[in-house]
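Enquirer: Anchor point for the sequence shown: position 144 equals 143 in numbering that gives the first Met the number 0, and the numbering is continuous, going up by one each time.
Just so you know, these hints were derived from the structure itself, not from any lab. Honestly, I wouldn't trust all of these hints.
Below are the DSSO-like pairs computed for lysine-lysine, each with C-alpha atoms no more than 27 Å apart in a straight line [unchecked claim]: (1) K139 <-> K251; (2) K251 <-> K269; (3) K256 <-> K336; (4) K277 <-> K251; (5) K139 <-> K224; (6) K224 <-> K256; (7) K69 <-> K224; (8) K251 <-> K224.
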Amino acid sequence: MILQSPLSTPQSKLHFSPHSNFNINGSIKERISLKSLRASSRSISPSTAAITTTTTISSPSNQFIKHCLKLRQSSSYRHLHGSAVVVGLTPIREILRFQELQEERISIIDCLLLLDGVEVPEELYNSSVRIMRVSSIAMKKLSGLQSIDSIEAVALMSIPSSFCSIDDNQEEANCQSWFPSPHRILVLDGIQDPGNLGTLLRSAMAFRWDGVFLLPGCCDPFNEKALRAARGASFQLPIISGNWVHLDALRKIFQIKMLAGHPENTEGEKRTSVLSHKLVSSLADEHICLVLGSEGHGLSEKSKSVCELVSIQMAGMFESLNVSVAGGIFLYMLQPKHQRVI
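Generate coordinates for the entire structure from the input sequences, incorporating the hints supplied.
Expert: Right, dumping it as structure tokens:
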């Protein structure tokens with residue numbers, strides 16, 4: 000279902016975190032503010048800072064754990080609070096590295112929950128991020144995984160300002176500010192499987208596409224399975240959730256060529272071109288939107304009518320590829336020419 004929740008701005012975000020008066024141990028204590036945490040982290044060593052700012056949660060029934068669990072499970076709750084739960088140190092580190100490259104001064108991490116006994120990541124030594132220790136039982140509840148052997152951390156992160164959900168009734172939208180460049184935009188048409196959506200986001204990031212547009216019917220890019228597959232890409236790519244009216248406005252302003260991945264011609268359907276080096280070369284300098292449909296229903300009728308259909312030639316007898324596999328091929332072949340390595 001397309002996201003129509005409030006935009007994740009500081010004004011609309013509801014705060015439910017260890018920085019507020021809510022106390023993770025279930026009783027009312029003195030408020031610990033972000034300002035005081037930053038001040039203390041500047042005056043003490045990393046190891047001391049980790050000990051000083053750490054609280055331990057042992058029970059999976061803790062109220063803060065329940066809040067994180069609801070963030071992980073409910074799209075509307077996530078967007079109401081403007082927060083998402085990222086599981087695993089690898090995606091957390093990737094997001095931190097990206098943030099460092101962007102020279103962002105305000106940390107996107109609201110709180111880091113570390114498995115008891117695990118060392119604080121080096122990337123957070125000089126950070127004011129609140130760190131909490133959790134027991135293995137609580138971590139299992141937080142992560143939603145049966146085995147936590149490879150799960151050492153969970154992060155509560157603010158949904159980035161690079162994500163925007165446009166209301167259906169908002170016909171006039173400032174589409175010129177959605178993406179840093181409209182040269183290569185991936186459009187997902189009804190991709191409901193979070194694993195496929197997350198994998199496509201990761202591929203788009205890997206091949207330096209400029210952003211992603213989600214048409215109606217797509218799952219939440221901050222869904223737990225989508226985040227796991229995206230490995231941090233959801234927090235790095237500009238992502239816009241809207242409809243064809245909004246996408247058409249973007250197309251007209253920037254004169255974008257619309258392509259759509261589609262199986263080879265079937266009788267009575269619109270002509271399909273084959274993805275080839277010749278086709279790719281002819282499109283090198285053009286702005287492109289690549290539309291990919293779901294595996295179950297394929298492209299919507301609107302996508303088929305508006306876009307030039309392009310197929311991947313296959314030697315085998317298969318009708319089509321998994322959308323994330325086909326998408327990876329399209330994204331690689333059509334990537335910006337100055338990024339191409341082969």
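Enquirer: Please go over all the hints and tell whether each is borne out by the structure.
Expert: Hint check:
Taken as a hint, the K139 and K251 pair is broken in the structure, with Cα atoms around 49 Å apart against an allowance of 27 Å. A hinted pair counts as satisfied when its Cα atoms are at most 27 Å apart, and K251 with K269 qualifies at roughly 23 Å. This hinted pair checks out: K256 and K336 have alpha carbons roughly 16 Å apart, not beyond 27 Å. This hinted pair checks out: K277 and K251 have alpha carbons roughly 26 Å apart, not beyond 27 Å.
A C-alpha spacing of about 16 Å is found between K139 and K224, which places the hinted pair at or below 27 Å, so the restraint holds. A threshold of 27 Å between alpha carbons decides the hint, and for K224 with K256 the separation of about 31 Å lies outside it, so the pair is violated. Of the supplied pair hints, the one linking K69 and K224 holds, its CA atoms being roughly 14 Å apart against a limit of 27 Å. For the hint pairing K251 with K224, the CA-to-CA distance comes to about 34 Å; that exceeds 27 Å, so the pair is violated.
In terms of the numbered hints stated before, the structure departs from hints 1, 6 and 8, listed from lowest to highest.
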